[in-house]
Amino acid sequence: MKQKLVPYSIIVIFFVIFVVFYKSLEDTNIYTPEVKINNDIPIFSAERLLSNETLDSKEIFQLDKFYILNIWSSWCAPCRDEHSILMDLSKSNKFIVIGMNYKDNKKNAKSFLDELGNPYEKIIIDKNGTKSIEWGAFGVPETFIIYNNKIIKKYIGPLNQELFLEIQNLTK
Amino acid sequence: MKTFKTLIIIFHLLFFNNLYANENSERNEITKNLRCLICQGQSVYDSDSDFANSMKILVDKKLNEGLSDKEIYSYFKEKYGDWILYDPGLNKNTYLLWLLPILIFLFGGAIIVKSFIFKK
Amino acid sequence: MIYSVVGHYSLILGLCIGLILVYFSIQNFRNFNQLDNKILSFSFLQLFFVVVSFLALVISFIISDFSNETVFNNSHTTKPLFYKISGTWGNHEGSLLLWLLVLTLFIFIFLLRTKNQPIKYKILTLVFQQVIIIGFFLFLILTSNPFNYLFPVPNEGLGLNPILQDPALAIHPPILYLGYVGSSIIFSSALAATTLKMVSTNWAIHIKKWVLISWIFLTLGILLGSIWAYYELGWGGFWFWDPVENVSLMPWLALTTLLHCILVLERKETLTSWVIILSIATFTLSMCGTFLVRSGILNSVHTFANDPERGLFILIFLFTLIFLSLLIFFVFHKPSQNNQANFFWLSKETSILINNWFMMYFLSVVLIGTVYPIFLDVISSQKISVGPPFYHKLIIPFLIPFLLMMAIGPKLKWIKSDLKDKIYLFSLLVISVLISFFIVKNFNANVLVNTILISAALYLFFITLRDFFIKKYKNLAQNIAHFGFSLLILSILFNNLFSSEIITNLKVGETYNGSKTKIVFESINQKKQKNYNSIIANFSITNSEGINNNLSPELRIYNQPKITTSEADIKTTLMKDKFIVINLVQNQDYFNVRYQVKPFMLWIWLSVMIISLGGLISLLKKRT
Chain Y
1 MKQKLVPYSI IVIFFVIFVV FYKSLEDTNI YTPEVKINND IPIFSAERLL
51 SNETLDSKEI FQLDKFYILN IWSSWCAPCR DEHSILMDLS KSNKFIVIGM
101 NYKDNKKNAK SFLDELGNPY EKIIIDKNGT KSIEWGAFGV PETFIIYNNK
151 IIKKYIGPLN QELFLEIQNL TK
Chain V
1 MKTFKTLIII FHLLFFNNLY ANENSERNEI TKNLRCLICQ GQSVYDSDSD
51 FANSMKILVD KKLNEGLSDK EIYSYFKEKY GDWILYDPGL NKNTYLLWLL
101 PILIFLFGGA IIVKSFIFKK
Chain X
1 MIYSVVGHYS LILGLCIGLI LVYFSIQNFR NFNQLDNKIL SFSFLQLFFV
51 VVSFLALVIS FIISDFSNET VFNNSHTTKP LFYKISGTWG NHEGSLLLWL
101 LVLTLFIFIF LLRTKNQPIK YKILTLVFQQ VIIIGFFLFL ILTSNPFNYL
151 FPVPNEGLGL NPILQDPALA IHPPILYLGY VGSSIIFSSA LAATTLKMVS
201 TNWAIHIKKW VLISWIFLTL GILLGSIWAY YELGWGGFWF WDPVENVSLM
251 PWLALTTLLH CILVLERKET LTSWVIILSI ATFTLSMCGT FLVRSGILNS
301 VHTFANDPER GLFILIFLFT LIFLSLLIFF VFHKPSQNNQ ANFFWLSKET
351 SILINNWFMM YFLSVVLIGT VYPIFLDVIS SQKISVGPPF YHKLIIPFLI
401 PFLLMMAIGP KLKWIKSDLK DKIYLFSLLV ISVLISFFIV KNFNANVLVN
451 TILISAALYL FFITLRDFFI KKYKNLAQNI AHFGFSLLIL SILFNNLFSS
501 EIITNLKVGE TYNGSKTKIV FESINQKKQK NYNSIIANFS ITNSEGINNN
551 LSPELRIYNQ PKITTSEADI KTTLMKDKFI VINLVQNQDY FNVRYQVKPF
601 MLWIWLSVMI ISLGGLISLL KKRT
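Residue numbers (our numbering), protein chains in the order written: chain Y, 1 to 172; chain V, 1 to 120; chain X, 1 to 624.
Simulated from the structure, these hints should not be mistaken for lab results.
Careful: at least some of the hints might be erroneous.
Unchecked claim - With a straight-line cut-off of 25 Å between C-alpha atoms, the simulated DSS-like cross-links for lysine-lysine are:
| hint | chain 1 | residue 1 | chain 2 | residue 2 |
| --- | --- | --- | --- | --- |
| 1 | V | 62 | Y | 127 |
| 2 | V | 62 | V | 77 |
| 3 | Y | 23 | V | 114 |
| 4 | X | 621 | V | 92 |
| 5 | V | 77 | Y | 153 |
| 6 | Y | 150 | Y | 127 |
| 7 | Y | 107 | X | 507 |
| 8 | Y | 58 | V | 92 |
| 9 | V | 32 | Y | 58 |
| 10 | X | 530 | X | 518 |
| 11 | X | 507 | X | 115 |
| 12 | V | 79 | V | 114 |
| 13 | Y | 23 | Y | 65 |
| 14 | X | 268 | X | 383 |
| 15 | Y | 23 | Y | 4 |
| 16 | X | 334 | V | 114 |
| 17 | Y | 106 | V | 61 |
| 18 | Y | 58 | Y | 91 |
| 19 | V | 32 | Y | 127 |
| 20 | X | 507 | Y | 106 |
| 21 | Y | 150 | V | 32 |
| 22 | Y | 127 | Y | 94 |
| 23 | Y | 153 | V | 79 |
| 24 | X | 383 | X | 413 |
| 25 | Y | 153 | X | 115 |
| 26 | Y | 127 | V | 92 |
| 27 | X | 527 | Y | 23 |
| 28 | X | 411 | X | 471 |
One chain only, chain Y, in its complex shape (with noise of 0.2 Å):
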C-alpha cells in the first residue's frame, strides 16, 4: 500500500498543476496597477503652460467640485482621439479639466491647443514625466477624476464616448 503512496501523489500533484494551468489561460497578462481609489493626491508644484506662473497643488485643487486631470502631450496620438471629449467635460459646469503637459516642447504643445482647442482650466508643465508618476500614471493618455482632494477614478488610455458617460454619471 506504501509503495502506492508515491506514484499516486505525483498523479495527483500533475493533475493540480493542469488545472492551475488551465484556468490561467483564461486570464489576461497584461497587468495593469490596481487602481488604488480614494488615495490622496500627491503634492506638488508647476510650472504653467501659457504663463510663467508656479502653481502649488493645494492651489489648483482647492474648490468644491470635481476636477478632472489629463496627462497629454502633443506627440501623443490617442491624446487627439480623446481632445473632444474632454472639451466636451470642460464645457459643463460641474467639472473643471486640469492639463499635464507630459515630456513636451512649449511650442508644440500650443500649437495642438491652438488646432484642437483648450478645454483645460490650468495647464501644468511635466517636463521629464516624474509628476506623473507621482500620480501613479506611467503613460499618455491617463486621467485622474479628483474630489476633495481624492483621486477617486483612473482611467489608462484614451477617453471615449463610453467613458464620457460614465465620468458624468459620477456627480449625479
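Fit chains V and X to the supplied structure of chain Y, relying on the hints for placement.
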C-alpha cells in the same frame, strides 16, 4: 608552470583598476530592481523608454531626499503594486516561493543520506 | 499561391503517413520480420512530405506571396532575402513547422542508424515518437496552419519586427530546436526501453550519442540567443532570467544531468530510475516551454502568439504525454534491488549523485521562479514579479560547493576511492583563495561572497587546467567541458565586478569629461537604406591611458512596422568590450548616450563554446 600562469592572470587583472568609475551605483542597483511597466520584460535600468527615464530621475530625486532603498521600494509598491519589484521579497505571498526550492534541496539531501544508511 | 496549396496538402499527406506508421507498427508488433524496411521507407516518406511543406513555406516567403496569411503577417517586399528566408521560422506557425521537421527527421535518422538493437525496441520508439508527431500535425493543421489563404491578396505585408532581423537570431531557432526537439528521441526511446525492460548498460551506450547531439545543439542554441540579446537589445546584458530564457535553460539542466547519469549507466547497472525520469523530464520541459511561451500566460520580451486556444491544445497535449509517461514508468519500471548505494560514499558514483542533487535543485529554482507568479495569480489574484534578484540569491550560494565538487568529483575512482594528490589539491585551493581575496579587496567589491565564489571557480579552473597538462588525453571531453564551465563562471563574475558605465545627454559637438573617460560627440550622418532611415552618431572616446576609440552607434527608423531601434556599436577585444548606444529623447535636440566598458565578454561566449567542444569530443571518441 602553475606560478607563471598565476602571475599572468594577476598581471592582467591589475590593468582593470582604471575601470569601475561608478558613480550612481546605488541608483543603478535600485533601478535594476524595478520593472519598466510599459516594456515587456525589462528593468528600468535597462530600458530607455520614457517611463524608465522618468523613473530614473525620480529615483535620483528620492535618493537625494535621503530615502533608503527600502523606502523607495515601498513608495513604488504603493503606487504600482508588488509587480513593479523584481525581488519578490519575503511576505505572505512569497513564503512558498522561497521555501519550496530549499525544501527540495533538503529533501534531495535526505534521500541521498538515507540510501547510504540503508546499506548498513 | 500554388506553393501554399502544395504545402498544405503535403502536411495532410504527412499526417496520413504518420497514422499509417502507427497502424503498421501496432498491427505487426508481434510479427515484425518484414517490418524493418517498410517502417524505414514510410518514415522517410513522412519526412519527405514535411520537407516539401517546409520548403513550400520558405518559397512563399522568398517570393513574398501575400496570399499566404503567414507571409502577409510576417514579411515585407523590402526585407533582404536572408531575412525573408529566416522569417519562415520567426513566427508561430512557421516555427511549429520547424518543430515537425526536426521531429520527423530525427526519427528517420534514428531508424536508419540504429543497428544493434532489438526491432521491437525500434518499433516502440517509433510509436511513441509518432504520438508526438501526430499531435504536432494536428496542432498545425487545426489551429496554426501556415498556409491559410487570404483574399483579396494584399499588395504588401505587415513586415517583420526589425529587432528580429539579425544573423544570430536567424539561426538561433533552428539550432535551438535541434536541441529541444532532438530530446524527443530520447523521450520516446526511454519510454520504449522502459516498457521492454531493457534500460541497461547496452541501451545507455546506444542512446548516449543522441543525448550528446541534443545537448550540444541546445548549448549552442542558448548561446546564440544570449549573443543576440547582447548585440541587439541594446542594454549590454546577455541573460535576464526572462521566462523565455528560463524555459530554454530548464531542458538544458535536465539534459546535462541526464548526460552525467548516462555516463554512469554505460559502465554499471545503476541510476536507471534517474535516467528514465530525466529522459522524460527533458522533453516534457521542452514542451512545457512551448506551452508557456505560446499560450500568452507569460509576459516577456520574446512571447510569440498570445492565443489561449492554442495554449489549450498544447496544455492538453503536454499533460497527455506526462500522464502517459508516468503510467509507463510506474507500471513497467522496477528499480533493481541492488540499486541502493552499492558503492562507497567516497566514490565517483557519489559525486555524480551529488551532481544530480544540485542540478535538480537549480532546475527547481528556475522552474518555481518562472511558474510561481502564474499559480499565485490563479489562486489569489495577486500579481508579483520574480526577477534576477530571486535567482541570484538562490543559485549563487549553492554554486560554491557545486564548483568544488566539480573539481574533486572526477578525481574519485569508481566504487571506492582514497584521494591521491591530496597535497596538490589542497595547495591549489589555498592559492585560489589568496588570489581571489587579493582581487576582491583591491576592487572594493562585496568581499565575502565574491571571494569565496571566485576562489571556487578559480579552483576548478586550475584543477582542470592541471589535469589537461598532466593527464594528457585521458577523459579529455570531461576535462574540457568542466574547464569551459569554470571559465564561464569566472568570466561572468569578472564581467559583473569590473564593468563600468557612463550615462549622459549630449548634443552634437559636445564633450563629456568624466574622471577617467572623455567622450566627444563628433558628428551625425543620415542615410537612407532599403527598409529604414538611419542616423549614425560618431563618437571619439578616450580613456585615462590616452587610448582612443571611435564608435558609431546607430538609430534605425523603420517604415514597416513603424519602430525605431537602437543599434549599439561594440568594439570587442580579447580582454574587454567597449559598448555604446544612443537613444532619442522625446522632443529634445540632444541624445541620451550610454557608454559601457565590459571586461571578458568574449570569454563568456568562448567558454560556452568550449563546453560544447567537450561534448563534441565525447561524441567523436571511439569507445575503447
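Hint check:
1. V/62 / Y/127: Holds: residue 62 of chain V and residue 127 of chain Y sit about 17 Å apart, inside 25 Å.
2. V/62 / V/77: holds (14 Å)
3. Y/23 / V/114: With a Cα-Cα distance of about 39 Å, the restraint between residue 23 of chain Y and residue 114 of chain V is violated, given a limit of 25 Å.
4. X/621 / V/92: The given pair, whose Cα atoms are some 53 Å apart, is violated under the 25 Å limit.
5. V/77 / Y/153: holds (19 Å)
6. Y/150 / Y/127: holds (24 Å)
7. Y/107 / X/507: Between residue 107 of chain Y and residue 507 of chain X the Cα gap is close to 20 Å, so the pair holds against 25 Å.
8. Y/58 / V/92: Cα-Cα ~38 Å, so violated.
9. V/32 / Y/58: violated (34 Å)
10. X/530 / X/518: Violated, at roughly 35 Å.
11. X/507 / X/115: violated (69 Å)
12. V/79 / V/114: violated (50 Å)
13. Y/23 / Y/65: violated (44 Å)
14. X/268 / X/383: violated (48 Å)
15. Y/23 / Y/4: violated (29 Å)
16. X/334 / V/114: OK: residue 334 of chain X and residue 114 of chain V at ~19 Å, within 25 Å.
17. Y/106 / V/61: Between residue 106 of chain Y and residue 61 of chain V the Cα gap is close to 24 Å, so the pair holds against 25 Å.
18. Y/58 / Y/91: It holds: about 23 Å lies between the C-alpha atoms, which stays within 25 Å.
19. V/32 / Y/127: Roughly 24 Å separates the two Cα atoms, so the pair holds.
20. X/507 / Y/106: holds (20 Å)
21. Y/150 / V/32: violated (32 Å)
22. Y/127 / Y/94: Roughly 29 Å between the alpha carbons, so the hint for residue 127 of chain Y and residue 94 of chain Y is violated.
23. Y/153 / V/79: holds (14 Å)
24. X/383 / X/413: With a Cα-Cα distance of about 50 Å, the restraint between residue 383 of chain X and residue 413 of chain X is violated, given a limit of 25 Å.
25. Y/153 / X/115: Not OK: residue 153 of chain Y and residue 115 of chain X at ~72 Å, beyond 25 Å, violated.
26. Y/127 / V/92: violated (39 Å)
27. X/527 / Y/23: violated (51 Å)
28. X/411 / X/471: Status holds; Cα separation ~11 Å.
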